[in-house]
Structures are given as structure tokens and as C-alpha cells.
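Colleague: Each chain is listed here by its residues.
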Amino acid sequence: MAFYVVQFLTGLASAASLFLVASGLSIIFGVTRIVNFAHGAFYMIGAYVAFTLTERLSGAFGFWGGIVMAAIAVALIGVIVEMVLLRRIYHAPELFQLLATFGLTLMVEDIVVLVWGPDDLVGRRAPGFRGAVDFFGQNIPSYDLFLIVLGPVVLGILWLLFQRTRWGVLVRAATQDRDMVAALGVNQKWLFTSVFAVGVFLAALGGALQIPRDAVHHAMDLRIIVEVFVVVVIGGLGSIVGAFVAAVLVSELNAFGILIFPKISIILVFLVMAVVLIVRPWGLFGRPEAAARKTPGLTVNPWRPLTSNERLAALAALAMAATLPLFAGNYALSVGSEIAIFVIFAVSLHFLMSVGGLASFGHAAYFGLGAYGIAFLAKMAGLPMIVCLLLGPLLGCVGAAVFGFFAVQLSGVYFAMLTLAFAQIVWSIAFQWVSVTGGDNGILGVWPSSWAASPSRFYWLSLGVAALVTVALRIAVFSPFGYALRATRDSPLRSEAIGIDAKRIQWTAFVIAGTTAGIGGALFAYLKGSVFPDNLGISLSVDALVMVLLGGVETVSGAVIGAIVYKALNIWLVSQTDLSKLVLGGFIVVIVVVFPKGIVGMLEMLAQRRSKASPPGSPLLAKPIGSAE
Amino acid sequence: MNRAPPILAVEGLTKSYGGIHAVRGVSFALQAGEILALIGPNGAGKSTCFDMLNGQNRPDSGHVRLLGEDTTGKKPREIWRLGVGRTFQITATFATMTVRENVQVALVSHARKLFNLFGSAPNFDRSEAARLLELVGMGGYADRPCGELAYGDLKRLELAVALANQPKLLLMDEPTAGMAPRERVDLMRLTATIAREKSIGVLFTEHDMDVVFEHADRIIVLNRGNVIAEGSPAEVRGNPQVQAVYLGEGLVYDARHRDGAPA
Amino acid sequence: MKLTVEGLNSHYGPAHILFDIGFEVADGEVVALLGRNGAGKSTTFRSIVGLMAQRSGRIVFEGRDVSARPTHEIVRGGLGYVPEERRIFTDLTVDENLEVGRQPKRANAPHWTREKLFALFPNLGEMKNRPGGRMSGGEQQMLTIARTLMGNPSLVLLDEPSEGLSPKIVEQMVDAIRTMKKEGVSIVVSEQNLHFARLISDRAYIIERGRICFGGTMVELDARPDIRDAHLSL
Numbered sequence: 002m003a004f005y006v007v008q009f010l011t012g013l014a015s016a017a018s019l020f021l022v023a024s025g026l027s028i029i030f031g032v033t034r035i036v037n038f039a040h041g042a043f044y045m046i047g048a049y050v051a052f053t054l055t056e057r058l059s060g061a062f063g064f065w066g067g068i069v070m071a072a073i074a075v076a077l078i079g080v081i082v083e084m085v086l087l088r089r090i091y092h093a094p095e096l097f098q099l100l101a102t103f104g105l106t107l108m109v110e111d112i113v114v115l116v117w118g119p120d121d122l123v124g125r126r127a128p129g130f131r132g133a134v135d136f137f138g139q140n141i142p143s144y145d146l147f148l149i150v151l152g153p154v155v156l157g158i159l160w161l162l163f164q165r166t167r168w169g170v171l172v173r174a175a176t177q178d179r180d181m182v183a184a185l186g187v188n189q190k191w192l193f194t195s196v197f198a199v200g201v202f203l204a205a206l207g208g209a210l211q212i213p214r215d216a217v218h219h220a221m222d223l224r225i226i227v228e229v230f231v232v233v234v235i236g237g238l239g240s241i242v243g244a245f246v247a248a249v250l251v252s253e254l255n256a257f258g259i260l261i262f263p264k265i266s267i268i269l270v271f272l273v274m275a276v277v278l279i280v281r282p283w284g285l286f287g288r289p290e291a292a293a294r295k296t297p298g299l300t301v302n303p304w305r306p307l308t309s310n311e312r313l314a315a316l317a318a319l320a321m322a323a324t325l326p327l328f329a330g331n332y333a334l335s336v337g338s339e340i341a342i343f344v345i346f347a348v349s350l351h352f353l354m355s356v357g358g359l360a361s362f363g364h365a366a367y368f369g370l371g372a373y374g375i376a377f378l379a380k381m382a383g384l385p386m387i388v389c390l391l392l393g394p395l396l397g398c399v400g401a402a403v404f405g406f407f408a409v410q411l412s413g414v415y416f417a418m419l420t421l422a423f424a425q426i427v428w429s430i431a432f433q434w435v436s437v438t439g440g441d442n443g444i445l446g447v448w449p450s451s452w453a454a455s456p457s458r459f460y461w462l463s464l465g466v467a468a469l470v471t472v473a474l475r476i477a478v479f480s481p482f483g484y485a486l487r488a489t490r491d492s493p494l495r496s497e498a499i500g501i502d503a504k505r506i507q508w509t510a511f512v513i514a515g516t517t518a519g520i521g522g523a524l525f526a527y528l529k530g531s532v533f534p535d536n537l538g539i540s541l542s543v544d545a546l547v548m549v550l551l552g553g554v555e556t557v558s559g560a561v562i563g564a565i566v567y568k569a570l571n572i573w574l575v576s577q578t579d580l581s582k583l584v585l586g587g588f589i590v591v592i593v594v595v596f597p598k599g600i601v602g603m604l605e606m607l608a609q610r611r612s613k614a615s616p617p618g619s620p621l622l623a624k625p626i627g628s629a630e
Numbered sequence: 017m018n019r020a021p022p023i024l025a026v027e028g029l030t031k032s033y034g035g036i037h038a039v040r041g042v043s044f045a046l047q048a049g050e051i052l053a054l055i056g057p058n059g060a061g062k063s064t065c066f067d068m069l070n071g072q073n074r075p076d077s078g079h080v081r082l083l084g085e086d087t088t089g090k091k092p093r094e095i096w097r098l099g100v101g102r103t104f105q106i107t108a109t110f111a112t113m114t115v116r117e118n119v120q121v122a123l124v125s126h127a128r129k130l131f132n133l134f135g136s137a138p139n140f141d142r143s144e145a146a147r148l149l150e151l152v153g154m155g156g157y158a159d160r161p162c163g164e165l166a167y168g169d170l171k172r173l174e175l176a177v178a179l180a181n182q183p184k185l186l187l188m189d190e191p192t193a194g195m196a197p198r199e200r201v202d203l204m205r206l207t208a209t210i211a212r213e214k215s216i217g218v219l220f221t222e223h224d225m226d227v228v229f230e231h232a233d234r235i236i237v238l239n240r241g242n243v244i245a246e247g248s249p250a251e252v253r254g255n256p257q258v259q260a261v262y263l264g265e266g267l268v269y270d271a272r273h274r275d276g277a278p279a
Numbered sequence: 109m110k111l112t113v114e115g116l117n118s119h120y121g122p123a124h125i126l127f128d129i130g131f132e133v134a135d136g137e138v139v140a141l142l143g144r145n146g147a148g149k150s151t152t153f154r155s156i157v158g159l160m161a162q163r164s165g166r167i168v169f170e171g172r173d174v175s176a177r178p179t180h181e182i183v184r185g186g187l188g189y190v191p192e193e194r195r196i197f198t199d200l201t202v203d204e205n206l207e208v209g210r211q212p213k214r215a216n217a218p219h220w221t222r223e224k225l226f227a228l229f230p231n232l233g234e235m236k237n238r239p240g241g242r243m244s245g246g247e248q249q250m251l252t253i254a255r256t257l258m259g260n261p262s263l264v265l266l267d268e269p270s271e272g273l274s275p276k277i278v279e280q281m282v283d284a285i286r287t288m289k290k291e292g293v294s295i296v297v298s299e300q301n302l303h304f305a306r307l308i309s310d311r312a313y314i315i316e317r318g319r320i321c322f323g324g325t326m327v328e329l330d331a332r333p334d335i336r337d338a339h340l341s342l
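Residue numbers (the numbering used here), protein chains in the order written: chain A, 2 to 630; chain B, 17 to 279; chain C, 109 to 342.
For the record, the hints were derived by calculation from the structure and aren't laboratory data.
Every residue gets a Cβ at the ideal spot worked out from N, C-alpha and C, and that includes glycine.
Take these hints with a grain of salt, some might be off.
As the list claims (entries may be wrong) - Examples of chain A residues lying across from chain B (beta carbon under 8 Å, computed):
1. D180
2. P303
3. P306
4. F479
5. S480
6. F482
7. G483
8. Y484
9. R487
10. A488
11. R495
12. A498
13. I499
14. G500
15. I501
16. T509
Claimed, not checked - Chain A residues, not near chain B, derived (Cβ > 12 Å throughout):
17. L10
18. P153
19. W304
20. A315
21. L319
22. I387
23. A402
24. W434
Generate coordinates for the entire structure from the input sequences, incorporating the hints supplied.
Modeller: Set out below in C-alpha cells:
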């Protein structure tokens with residue numbers, strides 16, 4: 002019995018930091034309507050800065066002062082980020098806001114390694130809370146008790162802040178009706194900045210308070226952000242009480258999940274989240290959100306199938322690509338195969354994101370599932386390659402069918418958070434379930450059959466499949482289904498009013514995209530000869546997003562170009578610098594802010610400008626409307 | 017008037033929110049080819065009523081019968097399948113698609129080809145799309161991006177989309193809101209002509225009394241969730257109660273509460 | 109002049125809504141902006157306080173051109189705005205709603221305190237801690253006006269204050285507007301109800317289909333039944 006009580010208390014203690022970070026995310030979202038993906042990064046910086054300060058400053062005052070100062074310092078960094086970056090993208094489509102803050106996260110990961118080094122840092126114990134309390138023979142660290150008290154205290158302080166101060170009243174008013182607050186003379190800019198500062202302060206404090214419990218390391222941002230997303234999805238985005246209740250719930254589920262499913266404790270959290278989503282899609286304490294801004298929609302540029310000349314050009318390009326083995330060496334061919342595989346991955350996400358308007362932040366899950374599918378079939382069942390290639394992607398298909406069913410119940414930022422959380426769950430399973438997946442060691446020795454084993458043959462295989470997949474998805478874009486999918490993206494209201502069951506259409510698109518990604522993953526497993534949890538990790542999901550964005554999220558063929566350019570750049574970059582995440586993150590931020598149309602989008606715009614002396618612009622505004630007066 | 021069974025029959029429709037009765041026992045019927053206007057002051061329950069007819073809202077009690085079938089509580093997409101076209105107060109169209117594609121999506125849906133992955137949508141029933149666009153006078157705009165259209169043209173496109181499933185009934189929520197005066201007249205004349213030609217019943221809400229009195233065959237006046245008057249434009253105009261709550265107030269000839277969209 | 113509007117044009121998406129709107133308000137004056145629903149009254153107000161993204165024209169308030177200023181600066185300058193459909197913060201209490209509107213004292217405008225406002229709208233004083241969402245329509249309308257007065261404006265744009273209110277509340281509204289005028293607040297009130305407008309206004313403009321088609325005193329308007337009937341009646 003005592004054991005369970007201790008387990009319960011450990012869960013409560015873990016909930017404190019989770020609650021701080023989640024409430025910060027919720028507060029920021031409530032007013033700015035931005036889901037701050039960089040929130041985990043602020044949490045991590047908070048931990049690192051607190052580590053340094055508590056090392057430098059001595060005594061109890063130094064420790065606690067260092068914790069608070071760290072949180073304040075990181076909040077100031079947040080202010081700069083808000084003023085320099087976020088103010089530029091408050092009116093941008095959601096997807097771009099998510100991506101920009103994600104870019105920040107990547108940059109921060111490399112920056113902390115630069116400043117603090119790659120090794121785990123173990124912080125000081127908290128003065129006054131070094132020991133443990135005996136509870137019927139079980140030890141409870143006294144610092145855990147401190148955290149258990151701290152959670153409700155912070156909840157109370159936040160409650161007072163929002164209920165009893167003018168600032169809190171203004172924030173609550175702005176959460177409900179921003180324009181009206183401005184119409185009463187409140188400067189929204191500074192209100193937004195201050196809200197962001199408070200949210201970041203909470204995240205950084207959450208990170209700083211973790212140092213006596215856990216080592217500080219440069220991957221803690223992603224771990225916390227995924228948990229936070231799960232918390233806000235369960236608790237309801239925008240609700241502080243919801244954040245508290247859900248943080249406790251998730252922490253307890255984790256604490257007890259280990260007892261029930263020791264290998265895959267995360268399953269329990271997933272099940273609870275699934276139930277909550279079905280019963281209350283906006284979370285336990287959340288409210289239905291108004292319709293989200295459309296993901297694409299920066300331009301009005303209807304898509305059209307390729308003309309016969311363009312088809313010839315595409316064929317010629319393909320034929321040229323096919324001649325690569327005639328003059329390139331083995332390394333170049335393996336790079337070529339990898340690029341072709343990433344074209345498959347990118348077009349699969351493009352189908353979901355650009356055509357369907359559903360920006361998945363966890364698309365790598367289905368790519369990785371395809372890869373694991375191959376590994377299971379080839380290594381364990383010993384099936385021949387051709388059979389594996391046909392069956393392996395089915396694992397991606399099944400994963401997409403299960404997760405997609407839940408994901409399409411939501412849209413916009415909720416969809417993005419949920420897909421990310423799902424992907425992380427799949428990753429955790431691959432990581433934890435060592436007996437089946439080999440855990441961190443992966444599954445090795447997945448080699449292609451002899452007919453495809455030589456680098457040139459494998460390259461042709463990859464290129465051929467990539468071409469087939471691209472053509473098939475293009476046909477789908479211009480099929481009746483593709484039109485229906487675009488219709489659900491452009492106007493859910495109108496789609497419903499002409500008999501379209503949007504959820505079913507979107508679910509189908511999710512499964513198609515997941516299966517296609519699985520095909521890419523299957524080839525990838527054969528290319529590398531092995532499968533690791535990284536094959537379904539977050540950074541791979543981000544790669545896919547950037548490829549689509551770089552090519553042009555509003556174009557039909559951008560993903561192909563984006564994948565080729567990005568993958569080539571990426572491979573080159575990794576060979577040139579150790580700071581690839583910093584460069585990549587900066588790159589994402591720059592694309593979002595100054596180059597949101599992507600490569601193909603820019604080319605299309607230039608072509609349009611050249612072909613028409615007077616661009617279509619907006620004749621609608623110039624056109625006078627007749628008057629009867 | 018009551019020769020054939022009505023295409024739309026509403027019986028005792030009731031809805032309340034948090035103890036406030038938005039709609040109380042509203043009943044009426046609509047014949048094929050008839051144009052019926054639903055008017056009343058703000059908060060009279062018009063929108064709630066309308067939403068219950070098209071499936072966006074579920075009544076607490078009462079029944080909606082479309083073409084003899086009970087559609088109470090059915091989803092909008094199911095109601096559409098029975099032959100009900102809709103237009104919205106603020107136009108809802110597919111902004112990134114061309115005018116023709118907008119109509120084609122509706123045609124695809126009507127033909128139940130939504131899950132066809134390999135057909136060619138750009139060539140899907142172009143002749144019918146062209147016919148519909150011609151009908152609303154948008155024939156020359158087929159290849160224009162929908163997002164570039166002037167507001168009046170969007171309204172006409174919506175009408176073409178609404179006609180794509182060969183509806184028996186058109187539900188139009190403030191069809192002329194936000195339009196220029198001449199466009200209002202044109203759109204309603206067009207709607208009336210089509211409705212009479214094809215014997216389509218039309219139910220619309222509207223705040224522009226010029227439109228209502230010129231085109232409605234019959235008018236229903238709602239106030240505080242109740243039907244307070246029903247009849248021809250002349251009858252409604254002359255009804256003292258309607259004048260009191262809606263058209264004009266008591267002794268002051270000019271004063272009136274008009275209802276409708278924000279300016 | 110307290111407020112001068114010249115050549116104001118506004119668009120909402122593809123729709124051109126206001127066409128060269130122009131009018132003036134003198135110090136201490138109550139001016140009615142009359143017109144049917146959809147004529148462009150609310151858009152005119154929203155354009156003046158900078159809530160319409162696509163607008164052009166000159167708006168001079170107390171001698172300063174504010175047409176390019178952000179909304180909060182215009183309002184802080186003393187130009188208050190009471191939107192139609194009330195738009196109170198339903199999750200906030202009466203007291204908190206008033207707090208959002210609070211601005212520092214202004215030299216050229218009357219100073220309003222909560223006590224003074226509760227004297228003007230006695231109902232509000234009795235429900236200080238009630239959430240805005242649990243008030244009747246009339247009480248909400250009073251709260252929006254009181255909220256804007258907390259900013260100590262020298263001019264108030266009142267959008268359809270009598271809309272959807274019972275006659276008794278409308279009478280209270282008339283009294284409140286007269287008190288505001290007596291205190292020295294200039295007012296532009298948009299109305300469809302000529303009867304109500306006549307009780308409070310010095311002058312009136314008629315707006316029809318996005319254009320100003322009449323401007324004059326209430327007496328002049330009464331002398332032109334043709335105009336009155338053409339634009340305000342059926």
C-alpha cells in the first residue's frame with residue numbers, strides 16, 4: 002500500500018513542472034492564438050541557465066535566487082523573440098506560426114550544445130530539501146514534497162493574477178474579444194508581449210525546478226513539449242485549471258502505467274487521450290474554438306494538371322535522373338536513392354497538408370512504421386524483398402488508419418499537436434519495447450535481395466517508385482476525391498452543405514498519405530540496411546514539413562522540388578557543419594518570415610508576372626459596384 | 017395553394033437555450049414553386065429556425081418534413097441529399113478553386129463519386145457545370161479563380177452550386193446581404209425565375225423589405241420565437257401587430273426596427 | 109469641429125461598403141446617423157476607430173488626423189466607441205468589464221467614476237459581481253455604454269443603442285444620453301428608429317447604401333418628408 006502512495010506522490014511531484022509549462026502554453030495561446038512549439042525550448046533554456054546560476058551562486062539564497070533569476074532571464078529572451086519574430090507572424094496562417102516556433106526550437110537545441118556542451122549536466126540538490134522522508138519504509142525525496150506543494154501554490158498565484166489584477170482582467174478580456182479590448186484603448190502589442198513573457202517565465206521556471214531531480218540535457222525540450230501537448234489536448238487549450246488537472250492525470254498515468262505496462266507505459270496515456278477526444282474533442286476544460294484560419298490561402302492560384310509540354314519536360318528530367326548510374330559513384334547513388342525516397346515522403350505529406358489542409362507534425366511515424374514493417378517481415382518472417390515491399394507499408398497504413406481516425410476529429414493546431422503526440426508515442430514504443438523492436442539498438446541486417454542489391458539497381462528502384470508515387474498522387478489531386486479533399490480544406494461549411502462527409506474524406510487522405518510514407522520508409526530500411534527509432538522521430542517529421550514548405554505549400558509540384566533541394570542541402574550541410582539544427586532552424590524561420598511561398602511558388606509568381614503585363618492582382622477591389630441611386 | 021402535399025412541412029418546432037425560448041412551436045408549410053420569406057426583428061428566432069431546417073441545429077421538439085420524409089435532427093449533408101440547396105448569409109465557396117471547379121465538386125458529390133481516386137475531375141460533367149453557370153449568368157467566368165470574384169458574383173456562384181443537385185427546395189439565408197442595390201434586384205429576380213420555371217420551393221430570410229415585398233409569394237413574421245403573422249405581402253404590410261413589432265412602431269410613422277446583418 | 113470625416117471609403121473583402129462618407133460633429137453636439145440595416149452605419153463607426161483593415165479617407169478628431177492611427181491610440185485620445193450587439197465580455201463581471209474600459213482622466217472631457225456611472229445606470233450598481241453573460245439585453249447595453257464612459261471620452265460613437273430593447277429601457281437610454289450630453293460629451297448615434305433619434309439629436313445624417321444622402325438639423329429633416337420616406341421608410 003505504502004508503495005502505491007509513494008508512487009502516487011512521485012506522480013504528483015512530476016506534475017508540477019508539467020503544469021507550469023502547460024499553463025504557460027495555454028496562457029500564450031489564449032491571447033495570441035499561437036501554439037508556441039518553442040515552449041519546450043524555453044523550458045530547456047530555463048534548466049540550463051538555472052544550472053549555471055546555481056553553480057556560480059552559493060548558499061541557499063544563491064540556489065533559489067538562481068532559479069528565479071533564470072526564469073526571469075529566459076522570460077526576457079522570450080520578450081525579444083516575441084517582438085522580433087512573433088509580431089511579424091500574428092496574422093500568418095497557423096501552419097507558419099507553428100513552423101516558425103518549431104524552427105526556434107531546433108536553433109535552441111544546437112545553441113545549448115554550443116554553450117553548455119553535449120553532456121548531461123547534474124545540478125545541485127536544493128538546499129533544505131536534500132533528504133528524504135520515510136513513509137512506512139518507503140523513501141520520498143523531500144524535494145518531491147516541495148514540488149507537490151508548489152503546483153497548487155502556482156495555480157493559486159495564477160488565479161489571483163488573473164482574477165485580482167487589472168492586467169489579468171485585460172488578458173481575460175482579450176482572450177474573449179481582442180478587437181473589443183483595443184476598442185477600449187488597450188495597447189494590444191504590449192499586452193501580447195507581457196502575456197508571452199509570463200508564459201515563457203512559467204516554462205523556464207518549470208525547467209529550472211527540474212534540475213535537482215533530473216539531469217539537464219539537450220533533448221529535454223522535445224520530451225516535455227510532447228507531454229505538454231498531451232496535457233493541453235486533454236485539459237483543453239486555454240484553460241489553466243485544465244492544465245493542472247490534466248498534468249496531474251498524465252503524471253499519475255505515467256507513474257502507474259509503469260506498473261501495468263512496464264514496457265510501453267505510454268499506451269495508457271494514449272488510451273486516456275483517445276477517450277477524452279471522443280467524449281470532449283476540446284478537452285476536459287476547453288471550449289470549442291472558432292474556425293481556424295486556413296492553412297494555405299496566401300494566394301488564390303487555382304491548380305491545374307500539367308500541360309503536355311510540361312509532362313514531356315518532367316519525363317525528360319526523370320530520364321536524365323535515370324542516367325545517373327552511368328557516371329556516378331556508389332556514394333552519389335546512395336545519396337540519389339535517399340533523395341528519391343525523401344521525394345516519396347515529401348509528396349505523401351504534401352497530399353495531406355497542401356491538398357487536405359491538415360498539417361501533420363508527426364508524419365515520420367508512418368514512414369518509420371513502414372521501415373519497421375520491412376524489418377519485421379524480412380528479419381523475423383524471412384520473406385523475400387518483393388513481398389516485403391508490398392506488405393511492409395501496410396504497417397504505415399494501419400498506423401495511419403488508427404491515429405488518423407482520432408486526428409481528423411480535430412483541425413488546425415489541435416491536429417498538429419495530436420499528430421506530433423501520436424508520432425512521439427510510436428517512437429516511445431519503438432524505443433521502449435526492446436524485445437520486439439530492439440529499442441535503441443534497432444533492427445540490423447535488413448538487406449535487399451540480390452536483384453536490387455547493387456547501388457545502381459537500388460537507385461533505379463527508388464527512382465522508379467518515387468516517380469510512380471508522385472504520378473499516382475498527382476492523379477489523385479485531380480481526381481474527384483482530390484477535389485472533394487480540397488473542398489473540405491477551403492470551406493467545411495460549404496462542403497457539408499453539398500453532401501460531403503469531411504471527416505471520412507480527410508481520414509481517407511490521412512490513410513493514403515500514411516501508406517505512401519510507409520512505402521518511402523520501406524525503401525529507406527533497405528537502403529540503410531537497418532531500422533532505428535529515429536526513423537519515426539520528430540526531426541524526421543520536421544524534415545518533411547520543411548521540404549513541403551520549401552517547395553511551396555500552395556503548389557502541386559513544390560514538394561518534389563523541395564525534397565530534392567532540401568535533402569541535397571541537408572546531406573551537404575551535415576558534412577560541413579556540426580550545427581545543422583541551428584542552420585536548419587534559422588532556415589525555417591527565414592522561409593516563414595520572408596519566403597513563405599517557397600521555391601515553386603516564387604517561380605510561379607514570376608512566371609505569372611512575366612506572362613501578364615497587368616497582373617490579376619485584385620480587380621475585385623477596383624471594380625466599381627453599380628449603384629441604383 | 018394547397019393542392020399538392022407540401023415539399024417542406026414544419027410542425028411545432030421548439031428550441032430553447034439555457035431557459036430562453038428561441039423558437040416556440042413554429043409551424044408552416046411550403047409548396048413547390050412557392051417563394052416564402054421569413055422575417056422578424058433581431059432575436060426573433062429566424063436564424064435558429066433556419067438552422068433547424070437545414071440540420072445545423074437540433075430542435076428540442078417538433079418535426080421537419082422534407083418531401084414527406086422526417087428530417088428532424090439529420091445532418092446538413094443528409095438533408096442536401098434529399099434535394100435541398102443552400103446559400104449562406106456570408107458566401108461559403110471554395111476560394112482556391114475556379115468557378116467551374118466549385119460547381120464540379122457539387123456535381124461530383126451529387127453523382128456520389130467523392131471517393132473516386134483515379135478519374136479526371138477537371139473533365140467531370142463539364143456540360144452540366146457550364147449549363148448551371150450559364151443559368152446564373154456566370155458562363156464567362158468558368159475559369160476565373162473563385163477568390164477573385166466580386167461579392168455579387170460569389171452570390172451567383174453560390175446559387176449555381178446550390179442548384180447542382182437539382183433541388184426541390186432552396187434555403188437562402190439573407191441572400192442579398194452585403195450586395196450592391198442593383199445586384200440585389202438582379203439576384204432575386206434570377207432566383208424567382210429559376211424557382212418558378214423548375215417549380216423549386218424557396219425559403220429565405222431577409223432584411224431588405226424591397227426584396228421581400230417584391231418577390232415573396234407569402235411572408236411569415238416571427239417575433240420572440242412565435243409566428244405572429246402569415247400571409248401575402250399586402251396582408252403582412254397591413255397587419256397592425258407586424259407594424260408594431262417590426263415594420264413600424266405605434267404612432268410614429270417612420271420609426272421602425274429593421275432586422276438583419278451588420279452593416 | 110470635434111470630429112470631421114472626409115472621403116471615407118471602406119471595403120470588406122471583395123465588397124465595397126462605404127463610398128466617400130463625409131460628416132462633421134461640433135463640440136457638445138449629438139448627431140444621429142440614420143439608415144436602414146446594412147446601410148453602412150456600423151462600418152462607418154468601425155472605420156473611424158480603425159477596426160476596418162481596408163479603409164481610406166481623412167478622419168480629424170480634435171484637430172488631429174487620426175486616420176492612420178491604431179485603434180487603441182484613437183480611443184485613448186478620447187474617442188469612445190460603443191459597438192452594436194453589445195459585445196460585453198461575458199466571462200467578466202460588471203466590475204471587471206468596467207475595469208477594461210478604465211482610462212486616465214482627461215482635461216477636456218468629463219470624468220466618470222464607477223459611482224457616477226452606477227448613479228446613471230442604477231441597475232448596474234446592483235449587480236457589480238454578476239458575469240456579463242448572465243445579464244439581460246438591456247443591462248448589457250447599459251454596461252457597454254458605461255464601459256466606454258470609463259475611458260473618459262470627449263466624443264462617443266454609439267452604435268444602435270436602442271436595438272432590440274424594450275420601450276422602458278429605451279426611455280432610460282434616452283435619459284442616459286441626455287445626461288451624457290449635459291456632462292459635455294459629444295455623441296454620434298447610429299439609429300434606425302427615427303423616433304428615438306429625434307428625442308436626443310441636434311442634427312442628423314442619412315446614410316443609404318454606403319453613401320451619405322442627407323445632412324441637416326432634425327427640423328430640416330422633418331420638413332423633407334420625401335427624403336425621410338425615400339430612405340427610412342418602405
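Colleague: Give a verdict on every hint.
Modeller: For each hint, the structure was consulted:
1. At its closest, the beta carbon of D180 of chain A sits 13 Å from a beta carbon of chain B; the interface hint therefore is violated under the 8 Å criterion.
2. Satisfaction of the interface hint for P303 of chain A is found here, the shortest Cβ-Cβ separation to chain B being roughly 5 Å, below the 8 Å cut-off.
3. About 6 Å separates the beta-carbon of P306 of chain A from the nearest beta-carbon of chain B, less than 8 Å, and the hint is met.
4. Hint status for F479 of chain A: holds, given a least beta-carbon distance of 6 Å to chain B, under 8 Å.
5. Because the beta carbon of S480 of chain A sits about 5 Å from the nearest beta carbon in chain B, less than 8 Å, this interface hint is met.
6. Below 8 Å, beta-carbon pairs count as interface contacts, and F482 of chain A has one with chain B at about 5 Å; its hint therefore holds.
7. Hint on G483 of chain A holds. Least Cβ distance to chain B is approximately 6 Å, under the 8 Å limit.
8. At a threshold of 8 Å, the smallest CB-CB gap from Y484 of chain A to chain B is about 4 Å, leaving the interface hint in force.
9. Against a cut-off of 8 Å between C-beta atoms, the interface hint on R487 of chain A holds, since the closest Cβ of chain B lies about 6 Å away.
10. Checking A488 of chain A against chain B by beta carbon gives a least distance of about 5 Å; that is within 8 Å, so the hint holds.
11. A least Cβ separation of about 4 Å between R495 of chain A and chain B falls short of the 8 Å threshold, and the interface hint therefore holds.
12. Taking 8 Å as the C-beta cut-off, the interface hint given for A498 of chain A holds, the closest approach to chain B being about 5 Å.
13. Satisfaction of the interface hint for I499 of chain A is found here, the shortest Cβ-Cβ separation to chain B being roughly 4 Å, below the 8 Å cut-off.
14. The closest approach between the C-beta of G500 of chain A and any C-beta of chain B is roughly 4 Å, which is under the 8 Å cut-off, so the hint is satisfied.
15. At its closest, the beta carbon of I501 of chain A sits 6 Å from a beta carbon of chain B; the interface hint therefore holds under the 8 Å criterion.
16. Look at T509 of chain A: its Cβ gets to within about 7 Å of chain B, closer than 8 Å, so that hint holds up.
17. Remark: the non-interface label on L10 of chain A is consistent with the geometry, its nearest Cβ contact in chain B lying 42 Å away (cut-off 12 Å).
18. Distance check on P153 of chain A: its Cβ is at least 32 Å (rounded) from any Cβ of chain B, clearing the 12 Å threshold; non-interface status holds.
19. Under the 12 Å C-beta cut-off, the non-interface status given to W304 of chain A relative to chain B is violated; the minimum distance is some 8 Å.
20. No beta-carbon of chain B comes within 12 Å of the beta-carbon of A315 of chain A; the shortest separation is about 18 Å.
21. Look at L319 of chain A: its CB is around 21 Å from the nearest CB on chain B, clear of 12 Å, so calling it non-interface holds up.
22. Residue placement check: I387 of chain A keeps its beta carbon more than 12 Å from all beta carbons of chain B (closest about 24 Å).
23. At roughly 15 Å, the least C-beta separation between A402 of chain A and chain B is larger than 12 Å, which holds for a residue marked as non-interface.
24. Consistency note on W434 of chain A: stated as away from chain B, and its beta-carbon is indeed over 12 Å from all of that chain's, at 35 Å minimum.
In summary, the structure is inconsistent with hints 1, 19 from the numbered list given earlier, while agreeing with the others.
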